[in-house]
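One line per chain: the protein sequences are A and B, in this order.
The first sequence begins at 0 in numbering that gives the first Met the number 0 and counts up by one.
The second sequence begins at 0 in numbering that gives the first Met the number 0 and counts up by one.
By construction, these hints were calculated from the structure, which means they are not laboratory data.
Some hints could be false.
Which copy is meant is left open, because identical chains are indistinguishable; a pair holds if it fits in one copy or across any two.
Claimed, not checked - BS3-like cross-link-like pairs, simulated, lysine-lysine; straight-line CA separation at most 25 Å:
| no. | residue 1 | residue 2 |
| --- | --- | --- |
| 1 | 48 | 2 |
| 2 | 133 | 173 |
| 3 | 126 | 141 |
| 4 | 126 | 136 |
| 5 | 48 | 141 |
| 6 | 31 | 76 |
| 7 | 173 | 119 |
| 8 | 3 | 133 |
| 9 | 17 | 56 |
| 10 | 83 | 50 |
| 11 | 126 | 189 |
| 12 | 50 | 173 |
| 13 | 185 | 173 |
| 14 | 136 | 173 |
| 15 | 136 | 185 |
| 16 | 189 | 136 |
2 protein chains.
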Amino acid sequence: MRKKEGNKEVDILSAAIKVFAESGFFDAKIAKIAELANVSIGSIYVYYKNKDDILYKIFEQIWGGLYNNLDSLVSRKDLTMVEKYDAMIDMIFDTFTENSATAIVVAHEQQRIVMRTPEKFTPYYEKFVGLGEKIVKEGIKKGTFNQNINVNIFRHFLLGAFRDLINSWAVSPKEFPLNTMRQNIKFLSKYGLLNHK
Amino acid sequence: MRKKEGNKEVDILSAAIKVFAESGFFDAKIAKIAELANVSIGSIYVYYKNKDDILYKIFEQIWGGLYNNLDSLVSRKDLTMVEKYDAMIDMIFDTFTENSATAIVVAHEQQRIVMRTPEKFTPYYEKFVGLGEKIVKEGIKKGTFNQNINVNIFRHFLLGAFRDLINSWAVSPKEFPLNTMRQNIKFLSKYGLLNHK
DNA sequence: ATTTATTTTGAATATTCATTCATTTATTAA
DNA sequence: TTAATAAATGAATGAATATTCAAAATAAAT
């Protein structure tokens, strides 16, 4: 019996990330993904149920990875709350800047996919967000973070800011150097715009 | 000769905002917009060139309005920098919370439409952003705002946060009460997460 | 070499909808 | 009343493309 050679499943996913980033999900052509992945159109449907499924798997990969990383971070006892918070920022930052096409896909498609399939959207995202909130709540309890801040609002504030910034970087990296961005995200989210002498 | 009765152009735009918010631009059906607007399918093409054009006009309306409002604010001499900044936040906030469907459409479609038609995207948006940056730069010059902050990054930070939050409110208003959101956006963007005793 | 099991293929299919335009309807002016 | 003009209509068109599936190709087992 015949054996698979290479890993078409992975090749297709990588190609899809590029094509989705380039054209957006709706304008992305299955034929183009097949071409980039060096695979026939038919093969795509061997490995993925349909176009939506490909997008879904991309999100699962991203948020699954982030969830696992954050899970290790949360339980660490050797870090101050600020150090934990900064480490969380770095983690998100690194995940998305590792592959700019992924950053673009998440920035552009996540809202829509959450709307379209609220039941089916990867549970890793919710779990990841839950862990993030845990860190912030712990910091508030310990008095490091401001107790008047609404945790739920803060999470959308931070992730929304992140999404826009990382997308901006992915689209024009020269205008948004990684280190400047990283510093500014950490600083702004912790200290804000005002000059505190 | 026959005169127009009512204002189909406006009716179509309002209906389109609702349908785009409900289904997203790509899943939105022209037939559904026509139905909601109490207008024939053909009439839509009398008033708008095509589906893209409808979306474009929505953005033009929103950012055109915001640009004009912000233009009046920028030149006022009777306000401190913080007051100006807060007024700007209120302005954006009010525009989008006035009509939740509009908020959803902007949150979901803006990134994509900017990508698809960078030349054609409404110049009001760029002009609006330019004015916002002017306020921040002025505040930095006067020493009210922190001079280490990168203005370009700050703008994406703030607008990204805004977009996510207003969309969250539009989708589930009970979870995100307007006043709490408004206060938190102002507070977080000015003071950040940390507890400054 | 032949069989068997599995993978791969891509032309053909089927569906979906945005857009068109010939026709109808309504309004005003003569 | 009638003519002239503009507005409104919606069935028909055509283009686009996601998905299917019967056939072909390949690798291992016999």
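When no copy is named, should residue 17 and residue 56 be tagged within, between, both, or neither for a Cα gap of at most 25 Å? within (14 Å within a copy, 30 Å between copies)
Status of residue 2 relative to residue 48 across identical chains (alpha carbons, at most 25 Å): Only inside one copy: residue 48 and residue 2 sit 21 Å apart there, 53 Å across copies, limit 25 Å.
Between the shortest in-copy and the shortest cross-copy C-alpha distance, which are at most 25 Å for residue 185 and residue 173: within, between, both, or neither? within (20 Å within a copy, 30 Å between copies)
At 25 Å max between alpha carbons, let me know whether residue 126 reaches residue 136 within a copy, between copies, both or neither. The answer is within: 15 Å in one copy meets 25 Å, while 39 Å across copies does not.
Please sort residue 3 with residue 133 into within, between, both or neither, judging by C-alpha distance up to 25 Å. For residue 3 and residue 133, the Cα distance exceeds 25 Å both inside one copy (43 Å) and across copies (59 Å).
Pop the pair residue 50 and residue 173 into one bin, within, between, both or neither, using alpha-carbon distances up to 25 Å. Intra 32 Å, inter 34 Å, cutoff 25 Å: neither.
Tell me, please, which holds for residue 126 and residue 141 at an alpha-carbon limit of 25 Å: within, between, both or neither? Answer is within: at 23 Å inside a copy they meet the 25 Å cutoff, but 44 Å across does not.
Cα distance capped at 25 Å. Does residue 31 pair with residue 76 within a copy, between copies, both, or neither? neither (48 Å within a copy, 56 Å between copies)
Treating 25 Å as the Cα threshold, decide for residue 173 and residue 119: within, between, both or neither. between (37 Å within a copy, 23 Å between copies)
Is it within a copy, between copies, both, or neither that the alpha carbon of residue 48 lies no farther than 25 Å from that of residue 141? Cα proximity of residue 48 and residue 141: none, with 48 Å in one copy and 58 Å across.
Between copies, within a copy, both or neither: which fits residue 126 and residue 189 at Cα up to 25 Å? Cα proximity of residue 126 and residue 189: one copy only (23 Å, versus 29 Å across).
With identical chains, the pair residue 83 and residue 50 could be close in the same copy or across copies; at 25 Å between alpha carbons, which is it: within, between, both, or neither? neither (38 Å within a copy, 47 Å between copies)
Hint compliance for this structure: hints 5, 6, 8, 10 and 12 are broken, all remaining hints hold.
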